[in-house]
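Let's have the full structure, built from the sequences with the hints guiding it.
For the protein sequence lines, the chains are A and B, in the order given.
Just so we're aligned, residue 0 is where the first sequence starts under numbering that gives the first Met the number 0, counting upward by one.
Just so we're aligned, residue 0 is where the second sequence starts under numbering that gives the first Met the number 0, counting upward by one.
Note that these hints are calculated values from the structure, not bench results.
It cannot be assumed that every hint is accurate.
[Claimed, not checked] In silico DSBU-like cross-links for lysine-lysine, where the CA-CA straight-line distance does not exceed 30 Å:
(1) A:Lys172 <-> B:Lys30
(2) B:Lys141 <-> B:Lys5
(3) B:Lys99 <-> A:Lys197
(4) B:Lys130 <-> B:Lys72
(5) A:Lys139 <-> B:Lys102
(6) B:Lys23 <-> A:Lys197
(7) B:Lys99 <-> A:Lys194
(8) A:Lys183 <-> B:Lys130
(9) A:Lys194 <-> B:Lys5
(10) B:Lys30 <-> A:Lys339
(11) A:Lys246 <-> A:Lys339
(12) B:Lys23 <-> B:Lys106
(13) B:Lys106 <-> A:Lys143
[Claimed, not checked] Listed next, with one range per pair, are the computed distances between beta-carbon atoms:
(14) A:Ser284 <-> B:Glu127: 43 to 49 Å
(15) B:Thr138 <-> A:Ser284: 37 to 43 Å
(16) A:Lys313 <-> B:Gly17: 57 to 63 Å
(17) B:Ser100 <-> A:Glu325: 26 to 32 Å
(18) A:Gly342 <-> B:Thr138: 32 to 38 Å
(19) B:Glu56 <-> A:Asn201: 22 to 28 Å
(20) A:Glu325 <-> B:Glu127: 55 to 61 Å
(21) B:Gln86 <-> A:Asn201: 53 to 59 Å
(22) B:Cys114 <-> A:Thr215: 28 to 34 Å
(23) A:Gly192 <-> B:Pro16: 20 to 26 Å
Note that the Cβ used here is the ideal one computed from N, Cα and C, for glycine as well.
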Amino acid sequence: MECKIDSFSLNLAQNMSIALKHLPLSAIMIESKGNVVYSNIAFKKTFSKFIDDEEHFNLFSSGHFSHFFWLKNIKDVFSGERYEILFEELKIDDKTFFYNIFASPMVDGGNIIGAIVIFEDVTKRVDAEFELKQNIKKLKNANKDLEEFAYIASHDLQEPLRMIASYLQLIEKRYNSLLDKDGKEFMHYAIDGSKRMKQLINDILAFSRITTRGCTFYTVDTNEVLAHVRSTFLSTIKETNTLITNKELPIITADKTQIIQLFQNLIANAIKFRKKALDPVIQISAVQSGDMYEFSIEDNGIGIDEKYSDKVFKIFQRLHTRSEYEGTGIGLALCKRIVKRHGGDISFKSKVGEGTIFTFTLPAHKESEKRSRGEIR
Amino acid sequence: MNNMAKPIEILLIEDNPGDVRLTKEALRDAKIHINVHVAEDGVEALEFLRNKGKYEESPKPHLILLDLNLPRKDGREVLEEIKDDEQLKKIPVVVLTTSKSEKDIAKSYNLHANCYITKPVDLTQFTEIVKTIESFWFTIVKLPPKDV
Numbered sequence: 000m001e002c003k004i005d006s007f008s009l010n011l012a013q014n015m016s017i018a019l020k021h022l023p024l025s026a027i028m029i030e031s032k033g034n035v036v037y038s039n040i041a042f043k044k045t046f047s048k049f050i051d052d053e054e055h056f057n058l059f060s061s062g063h064f065s066h067f068f069w070l071k072n073i074k075d076v077f078s079g080e081r082y083e084i085l086f087e088e089l090k091i092d093d094k095t096f097f098y099n100i101f102a103s104p105m106v107d108g109g110n111i112i113g114a115i116v117i118f119e120d121v122t123k124r125v126d127a128e129f130e131l132k133q134n135i136k137k138l139k140n141a142n143k144d145l146e147e148f149a150y151i152a153s154h155d156l157q158e159p160l161r162m163i164a165s166y167l168q169l170i171e172k173r174y175n176s177l178l179d180k181d182g183k184e185f186m187h188y189a190i191d192g193s194k195r196m197k198q199l200i201n202d203i204l205a206f207s208r209i210t211t212r213g214c215t216f217y218t219v220d221t222n223e224v225l226a227h228v229r230s231t232f233l234s235t236i237k238e239t240n241t242l243i244t245n246k247e248l249p250i251i252t253a254d255k256t257q258i259i260q261l262f263q264n265l266i267a268n269a270i271k272f273r274k275k276a277l278d279p280v281i282q283i284s285a286v287q288s289g290d291m292y293e294f295s296i297e298d299n300g301i302g303i304d305e306k307y308s309d310k311v312f313k314i315f316q317r318l319h320t321r322s323e324y325e326g327t328g329i330g331l332a333l334c335k336r337i338v339k340r341h342g343g344d345i346s347f348k349s350k351v352g353e354g355t356i357f358t359f360t361l362p363a364h365k366e367s368e369k370r371s372r373g374e375i376r
Numbered sequence: 000m001n002n003m004a005k006p007i008e009i010l011l012i013e014d015n016p017g018d019v020r021l022t023k024e025a026l027r028d029a030k031i032h033i034n035v036h037v038a039e040d041g042v043e044a045l046e047f048l049r050n051k052g053k054y055e056e057s058p059k060p061h062l063i064l065l066d067l068n069l070p071r072k073d074g075r076e077v078l079e080e081i082k083d084d085e086q087l088k089k090i091p092v093v094v095l096t097t098s099k100s101e102k103d104i105a106k107s108y109n110l111h112a113n114c115y116i117t118k119p120v121d122l123t124q125f126t127e128i129v130k131t132i133e134s135f136w137f138t139i140v141k142l143p144p145k146d147v
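This is the structure in structure tokens:
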């Protein structure tokens, strides 16, 4: 049968041939007896070790290829079936490679004369997936260890701490009259120390739980979050004559409990570190920034010296004495950990004596995300 | 109205002598006469409740205060055994423990603890709690009659 080829087809064929030759995927054409009648550059390069003689190379008789799963099915291709095999393992020099293999009948004038076989090297992806699985396993174990440690720290440390705190207080109650001025002062420091230790232990636990007890991200309406915080702080807001104003806040994808914690810590700070003679005013807003929202919480308080930009976010770092302001210095460390867990960042701009703006980013809600369930706890 | 001419008997199942003393101190100022019996572990506690061995003459307590973390027989096991026992299950059990864990709380209620209280670190709070337990269970609440 004569095939009429026009110049377009010829050009197309020639160009396709060039494309195939230089394709980064290994490709071969084998005829039904297994002879490799064509192999592209990528194939020659990848499988050079298995090719004893480039001119006369037969896949079926080659020791290296004959055990391949896909070769067993190649007969089906010769009878007209097209198939894909995902994943063939191939060991070259002790290293294992993975390939997706695509084979299609090769036709000439209506007859099947062989098969075109294309190899896609997916080794990197398989290795990456495996490493990912390993890392996830490692992380889960590390998390478990951390949670265990935090539990031990909080639980087992609490009991002796209770003994110290309770009996010091009992002595103070019962024998106060026997203590002189120094004695009373010593007791006071001891009791105060034990109370602070209790707070520290609870804070460490809370800090570790941000990751170990972190929940799946759902849709969160940050307006609801703010409303919740307002009601929690209702009496403090009244006592301090605080004014909290906000623009319409966005919907994000987050762990609701943690976002409430985040807002609570920042707003509590804004109220706590207020100027003595000035009623606290807190302004909250958010703008879209790519696929995140950038939130701002601005106050008119005492401000933070910007040279402490890094220090304030560290766990248990404080900028004031305990007689000036109470607290363990974990608030901002918690905020940073929460924000980081959500893939965002937190920072502040401030002028000492004038006020501070805290800025943090959280992921915007995408339509495909799951909706939040139920009320705010 | 209290027809308790006889003293109130409490069984405190607690292995920490420091906590035993604190609980006794807190109960000292009670308006009613309270006898506090102490069992240091679960095995001793059940012997007391079943009048075994040296506890032959011991009274049945009106209330049990139970710590969960005990040597030998764990507090959770003790709770389960008490609430499984026909003679003992009617005695109210107040779990009084350091653990705040939700698992422990759930498990205790599932095993029919009457209530669950976490021991506070602060002495004043602890004293308040013990006083509240006393006031609730012996003034407000009607306890099961002695013999069924």
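Distance restraint evaluation - glutamate 56 of chain B, asparagine 201 of chain A, Cβ atoms, bounds 22 to 28 Å: violated, 45 Å
Hinted pair lysine 172 of chain A and lysine 30 of chain B, Cα distance within 30 Å: holds, 20 Å
C-beta pair glycine 192 of chain A, proline 16 of chain B: status relative to the range 20 to 26 Å that was hinted: holds, 23 Å
Range hint 55 to 61 Å (beta carbons of glutamate 325 of chain A and glutamate 127 of chain B) holds or violated: violated, 23 Å
Assessment of proposed distance window 53 to 59 Å (beta carbons of glutamine 86 of chain B, asparagine 201 of chain A): Because 41 Å falls outside the window, the suggested range is violated.
Assessment of proposed distance window 26 to 32 Å (beta carbons of serine 100 of chain B, glutamate 325 of chain A): holds, 28 Å
Straight-line alpha-carbon gap lysine 30 of chain B to lysine 339 of chain A, limit 30 Å: violated, 55 Å
Whether the CB-CB distance between cysteine 114 of chain B and threonine 215 of chain A falls inside 28 to 34 Å: holds, 33 Å
Given hint lysine 130 of chain B paired with lysine 183 of chain A - CA-CA distance at most 30 Å: Given pair lysine 183 of chain A, lysine 130 of chain B holds - Cα atoms ~27 Å apart, limit 30 Å.
Distance restraint between lysine 23 of chain B and lysine 106 of chain B, which requires alpha-carbon spacing of 30 Å or less: holds, 27 Å
30 Å limit on alpha-carbon distance, applied to hinted pair lysine 106 of chain B and lysine 143 of chain A: OK: lysine 106 of chain B and lysine 143 of chain A at ~21 Å, within 30 Å.
30 Å limit on alpha-carbon distance, applied to hinted pair lysine 141 of chain B and lysine 5 of chain B: With a Cα-Cα distance of about 15 Å, the restraint between lysine 141 of chain B and lysine 5 of chain B holds, given a limit of 30 Å.
The structure fails to meet hints 9, 10, 15, 16, 18, 19, 20, 21 from the earlier list, while all remaining hints are met.
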